[in-house]
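Under UniProt numbering, think of the first position of the sequence shown as 1, with each following residue one higher.
All clues given are correct.
Quick list of in silico lysine-lysine cross-link-like pairs, DSS-like style, CA-CA up to 30 Å: (1) Lys54 to Lys84; (2) Lys33 to Lys54; (3) Lys15 to Lys32; (4) Lys54 to Lys41; (5) Lys84 to Lys33; (6) Lys32 to Lys54; (7) Lys84 to Lys41; (8) Lys84 to Lys32; (9) Lys14 to Lys33; (10) Lys33 to Lys15.
Everything labelled a hint here was simulated from the structure, so no lab data went into it. Just so we're clear, the structure is a prediction, and the values are computed from it rather than from any experiment.
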Amino acid sequence: MTDKTTKKTTTKTKKPAANKPAAAKKEAGPTKKGTVLEMLKAEGGTTIEAIVAKLSVSNIAARSLIGDVRRMGVAVARVDEGGKPTTFTAA
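Between the sequences and the hints, there should be enough to build the whole structure, so can you do that?
Right, here's the structure in full:
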């Protein structure tokens, strides 16, 4: 019979995080972030609506993906043209 009042404490060792090369962060691939990066680098940039349509995500998720690309180190410019949807481009 085991005594339920005593508790065993165990320590878990954490594996160190894998170091990724800096170039791997900026690679565009089949991920949503990679797709957004490709769309931003395309001639004329892209709009939130285009990201929503292509990736089937919400408006908020599309804005978040642009923010993720910014955090990857890509300079993203916002171009406001009167009466047209806001365009985002990778500088």
